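**Student:** The chain contents come next:
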Amino acid sequence: MTEENPSVQMNEKQPQSKGGGFGRCIRGSFLGIHYFSGLFVILMTFITVIHALGRYLFNRPVPGLVEMCTFMLVPIIFLAAPYTELKKGHTAIPLVLDRLPRKVRTASEILMYILYFFLMVFTTWQSLIRAKFIQKAGYVSSVLSIPHYPFIYVVVVGWLLLAVAVLFRLGEYIKSIKEW
Amino acid sequence: MVSLVAIGLLGLVICFLLIFLGMPVYVAFTGVGFVGLWMVRGLKAALGSLGSIPYSTACNYTWSVIPLFVWMGYIVFYSNIAEEFFGGVRRWIGHARGGLAYAAVVGNAIFGACCGNPIASAVTFASMCLQEMRRYGYKDRLTLGAVASAGLLAALIPPSMPFIIYGALTETSIGKLFIAGVVPGLVLTALYVITVYIWCLKDPQVGPPGSRATWGERLRAGAGMWTIVIVMLVIIGGIFAGVFTPTEAGAAGAAIVLLISLIRRKLGWINFKKSLVETGLNTGMVGMLLVGTMLFNTFLVATGLSKVISKVVVGISQGNTIIFMFISVIILLFMGMFLDAIPILLLTIPILHPAAVSLGIDPLHYSIVVNITLLLGTLTPPFGIVVYAVQNSVKDVGLVEVFKGTYPFIIAGLLLQVLVILFPALSTWLPSLMAGK
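Which chain is which? The protein sequence lines are A and B, in order.
Be aware that the first sequence starts at 1, since it is given in my numbering, and climbs by one per residue.
Be aware that the second sequence starts at 1001, since it is given in my numbering, and climbs by one per residue.
Hints may be right or wrong, so weigh each one.
[What the hints assert, rightly or not] Which chain A residues face chain B? A few, computed with CB under 7 angstroms, are given here:
1) His34
2) Thr45
3) Thr91
4) Leu97
5) Ser176
[To be verified] In silico lysine-lysine, DSSO-like type, Cα no more than 30 angstroms apart, as pairs:
6) B:Lys1202 / B:Lys1139
7) B:Lys1395 / A:Lys88
8) B:Lys1395 / A:Lys175
9) A:Lys103 / A:Lys88
10) A:Lys178 / A:Lys88
11) B:Lys1044 / A:Lys132
12) B:Lys1274 / A:Lys88
13) B:Lys1274 / A:Lys103
14) B:Lys1273 / A:Lys88
15) B:Lys1044 / A:Lys136
16) B:Lys1266 / B:Lys1395
17) A:Lys175 / A:Lys88
18) B:Lys1307 / B:Lys1044
19) A:Lys88 / B:Lys1404
20) B:Lys1273 / B:Lys1395
Everything labelled a hint here was simulated from the structure, so no lab data went into it.
Quick caveat: nothing in here was measured; it's all calculated off a predicted structure.
Where is the CB? At the ideal position from N, CA and C, for every residue including glycine.
Produce the entire structure from the sequences given, and follow the hints as far as they go.
**Tutor:** Laid out in structure tokens, this is it:
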């Protein structure tokens, strides 16, 4: 149901790797990470159901449910985002881009993706600094005393993987120049 | 010396330019937000925001509603429960003139209780209805117009992605927002049915009567419709009665749909995995949009542009709440012609909502006005995202044909908008009856 994000269809003219060994490896790894983030959705669903049932049936809700769900959101978002990039799933509205000649369009896309890549590298770096700071400060959650820092490292990994995904797509655009 | 507001305006222009040149929306928001903060507050503060905002944005319990409802919607999609439901509705009302279009509208409204995304709902019904309705001689324009427009019902009838985001941004109760959408959703369903009726009256060839099902067939079909009815009762009933929080309702809905699909052998391993992949794609997309917009909004607030825009809109409306709401509608409809609903919501609500509240407008009332407008924006050219999605899912019908099919329904939507603005009780009455309000 990739129709879910029409930006995917609107970008259909963009190059998509047929998948050499390296391409398949990247896609497979990112899909694996994507499934891993999906496990947290399943976990969040069942822990919330257990919480609601426990509250009504046994008067014993799951302690710290809010904290657990809050922390689970981090891998759900940040470990899903890189594969979403590979699948061109992030909302894009190329209203002007689609009306440009092919060469200008590809050049513009390459420029956009170079900027995109540097932004991701920069964000990874800043998140890493933040993660080290939080780890050193020893912040924990208020009910279950879950440390924050492992989850900030998940954010760092998410940005890093996004940078890799962007680089991969940039490579695809550059390869498409040969077809001019 | 360039004023801060001018920097804010420049940032807004550059951001839109990058978006229209094809840069993913969240990247444009993040990048421009970062550079803007650098200019306004200095490099150290900008770097600090870049490092801290993504984590603090993602780490917010309110967003936990999103993956749960999204997953539920995809389980329903891959279990073909919607198809079964449409089949049931069709047997009950499909024999009337335009009956299959009524079935598509009513089916979408009730399916909306399992799916909060207008695109997913419209695409599900488009692929399901088109061949069937062609077989009975329905014109594609009516079929796809009705299906694309009825997708909006999914986002008005709870659960609803725009309401979740609206509630989280403005600290309005998401449960109340969900319930506030019920009556406008039902009124819109009725207006769509009337639209189909009038259309078929004017042009009887557009939606000829289907075959009449026997009572046995109707009752048998009805048996396949109960999954969605149960989910609807759990979600709407549970939130209304104060039994569940929206997050709990999402989890309960997903668990029930999963359990029923597994028991009825409607969901195989491959489709289960697909539902997880699609949930990740959706949540990843929305999550990164949230992160980007938070950074961009921090920049806009720092420049003072948000306040200026808010003051201008309040000034033009001269303190009149109805004029203010109509101005909001015009602004949002215009933006909806070029942008998707969620980025508009993320961008405009931190500016417009406080102004609305300062004028004494009920947040629930305003949220319904905003959401109806944004949803109508998903049908209007040139960037009617739902219309694009529907056309893409059926391939063999032109985009213009689908757009033309939605026009009568857009008029119905605008009529609803006027009703909601003039009669606030349409959106505030039901939440006022909620338990534990």
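**Student:** Need the list of violated hint numbers for this structure, in ascending order.
**Tutor:** 5 and 13
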